[in-house]
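All chains should be modelled from the sequences, with the hints used to inform the complete structure.
What follows is each chain in one-letter form.
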Amino acid sequence: MDVRLSPEQVALRDTVGRAVARLGPHAVADLADTDRRAALDAAVTAAGWRELRTASDNGEPWSSAVEVALVASELGQGLADTPFLGPSLAADLRRYVGAPPATRPETVALVSDLSRPAEGEDGALTAQAVAIDAQGAGQALVLADFGPRCLVGTIQLDGEAAGADLTRPSLRLRAGARVAPLEDQALQVLESDVERWHAFGLALTCADLVGLMRGALDLAVGYAKDRRQYGAPIGSFQAVQHLLADAHVLMEGSASIALHAAWAVDALEPTESFVAASAAKAYCTRSARTVCETAIQVHGGIGNTWECLAHVYLRRALLSGEVLGGVGASLSRVLHAHDIGVSYGLR
Amino acid sequence: MDFADSPEEHSFRLRLREWLAAHNPGLPPSSTDDAYWDGQAAWHQALHEAGFFGLSWPLEVGGHGLPSVYEVILDEELISAAAPPRPSVGYLVQGLLEHGSPDVQRRFLPGLVSGYQRWCQGFSEPEAGSDLAALCTRADRDGDHYVITGHKVWTSYSDAADWCLVLARTDHEVPKHRGISAFAVPMAQPAITQRPLRMMNGITREFGEVLFDGARVDAANMIGKPGDGWRLAMTVVSHEREPGELGYVARYGKSVNELVRRVQASPDSFGSEPCRELAWALVEVEMLRCHVSRRLSDRLEGITHGPEGSVDKLLMTWVEQAVGHAALAVDGGAGGDDTSLKLYLYSRAQSVMGGTSQIQRNLIASRILELPTS
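Those sequence lines, one after another, are chains A and B. Take the first sequence: its letters are residues 154 to 500, numbered as in the numbering used here. Take the second sequence: its letters are residues 2 to 375, numbered as in the numbering used here.
These aren't lab readings, by the way, just hints derived from the structure by calculation. This one's a predicted model, so the numbers in the text were calculated from it and none came from an experiment. Hints are supplied without guarantee of correctness; some may be wrong.
[What the hints assert, rightly or not] Below, a sample of chain A positions facing chain B; criterion: calculated Cβ distance under 7 Å: (1) 265; (2) 269; (3) 274; (4) 319; (5) 389; (6) 394; (7) 413; (8) 436; (9) 492.
[Stated by the list, open to error] Using C-beta positions, here's what the derived DEER-type ranges look like: (10) 262/B to 211/A: 41 to 47 Å; (11) 35/B to 174/A: 54 to 60 Å; (12) 59/B to 266/A: 29 to 35 Å.
The beta-carbon is built from N, C-alpha and C at its ideal position, and this holds for glycine as well.
Written as structure tokens, this is what we have:
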């Protein structure tokens with residue numbers, strides 16, 4: 154065991170961090186700067202970070218989930234308003250069915266409470282669904298039964314993406330929307346594939362949440378050092394210090410369990426990796442909400458305004474928290490792994 | 002980045018597993034049952050003699066010189082075997098390794114590591130709790146000896162100890178942090194009185210208080226130089242805050258697994274609330290296992306004695322108290338077997354001992370977040 158990052162992993166992390174520091178939003182007003190966002194989008198495209206889970210020559214992904222999680226964490230920390238989670242999940246799903254990488258932007262669709270992948274049957278979506286991280290995406294992938302075989306289906310996306318997360322808008326899909334088979338898929342989706350894919354998605358959302366916590370905490374600590382009341386920086390008061398200290402501890406605990414979840418995706422059996430990811434998801438989701446709420450509280454009145462970035466972190470945390478299962482679903486899955494309670498099914 | 006065993010680690014794990022299958026003494030937890038102490042020394046000695054204790058400590062003091070991450074394997078296997086956790090003496094070992102002279106290390110560490118010499122830690126006093134540097138136990142030079150007078154409290158394992166690592170004031174003229182020295186004091190002398198403290202859950206052997214009424218200690222038993230006591234204390238408490246040093250992952254893992262078995266045995270008796278508390282306890286323990294893996298991996302670059310122990314301490318406290326809440330929810334607290342009630346009540350001490358949670362937050366705020374002082 155040695156869970157320190159390799160020099161290559163550190164270099165990847167730092168590269169992503171620099172890109173998002175340069176091109177990501179530094180104020181709420183920056184979110185409306187379409188030139189900046191296009192530049193960030195182009196930088197992420199050029200770096201190929203969305204294709205890390207496409208198949209290499211031997212069929213395995215180019216990068217382990219740990220590397221993808223490092224990218225996700227840096228993008229989360231910098232509130233990167235460019236697709237990553239959705240395209241990465243789509244690329245991972247394509248690999249399981251032996252389909253070639255996407256030739257145009259795509260994402261995945263989840264059931265309406267986001268807790269698991271959306272499903273199609275007989276060429277139609279079985280229920281309302283949501284295409285997550287849908288900015289600029291032309292289609293969303295779903296799991297679909299075509300006759301006796303479970304395959305990957307596609308839904309064409311049309312409409313303006315929106316939603317709670319100001320950096321990664323979603324698109325609602327109506328029940329019965331047309332689901333077509335993904336072209337050139339050679340293999341059927343197995344239950345174990347879905348489980349590992351789901352674990353990968355959970356690990357990515359955990360990494361995003363860890364990054365968000367770091368970003369929100371940096372914002373709040375910086376503010377606490379600058380903002381003065383009673384003739385002193387508010388960060389000198391124990392009441393404020395203890396809020397921030399707790400937030401730091403939650404972030405560190407989350408980083409540890411999220412790192413394990415990312416490692417587990419490729420290293421453990423699918424069922425074990427799914428449980429590891431579910432435990433991490435429960436912990437990170439609860440922690441991230443508290444940390445973001447703390448960031449708002451430390452900012453006082455300003456923290457409750459649209460102009461303060463704190464709510465952008467919180468909004469992104471709320472979405473990442475629910476994607477592929479939030480606290481409730483994740484705790485049920487942990488219990489189910491210990492033969493307690495009913496399954497909060499995968500599909 | 003790899004949580005998996007290397008081939009060497011894996012064969013170590015298998016050897017350990019095989020040994021534990023035959024040598025688990027089945028002791029109750031020290032936090033809920035005084036009977037633990039009747040078997041604790043034998044457990045410590047057996048674990049050490051079999052080659053499974055002091056894994057990452059130097060060979061010269063009876064350790065095994067293995068990479069720090071072997072301690073995680075030990076904790077994981079102790080959980081799987083439902084065996085008692087490893088004895089929590091690591092913080093004393095780290096203190097002596099960092100501050101003790103070669104002579105002190107040679108004389109004291111092998112006995113401490115092997116479990117044949119029992120130690121306690123005389124730091125806190127009735128008027129020096131969080132403000133430890135305000136301690137007023139005094140050590141006065143008398144020829145080749147020091148004479149110690151004072152009152153120590155919250156002294157864990159004082160009833161079983163052969164030695165006490167005592168902080169005492171040797172210089173009354175300098176600022177309070179600089180006048181403190183540390184001594185290894187033999188407990189078997191008439192001038193030392195030890196008495197148990199009964200905790201709110203009823204146990205009496207986990208904590209004691211110790212009265213020094215002119216106790217004598219050889220000047221050669223001073224750890225470090227006169228006035229070095231505060232630095233030693235800070236090293237010791239920084240590691241006393243680390244679950245990786247204490248082996249507490251195994252402690253909590255064992256407790257939560259027992260709760261899981263209880264619920265599995267009659268699943269229909271438990272509603273959604275106890276199940277949810279249990280799920281959180283499972284998640285918290287898993288978090289701590291991962292966190293300790295991360296912190297002990299960082300030690301592969303060499304040990305540090307920094308403020309990160311305060312982060313560990315708060316995480317560890319939240320885990321223990323989540324397990325306590327789960328125990329309460331699963332067993333209903335007031336009825337039937339009171340082990341869970343005891344476990345829960347004991348968990349409240351974790352946010353006080355080794356530095357309160359409030360002190361840890363102060364340290365994180367000033368030394369990690371670098372917030373200004375008021």
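Out of the numbered hints, which ones does the structure contradict?
The structure breaks hints 1, 2, 3, 4 and 12; every other hint is satisfied.
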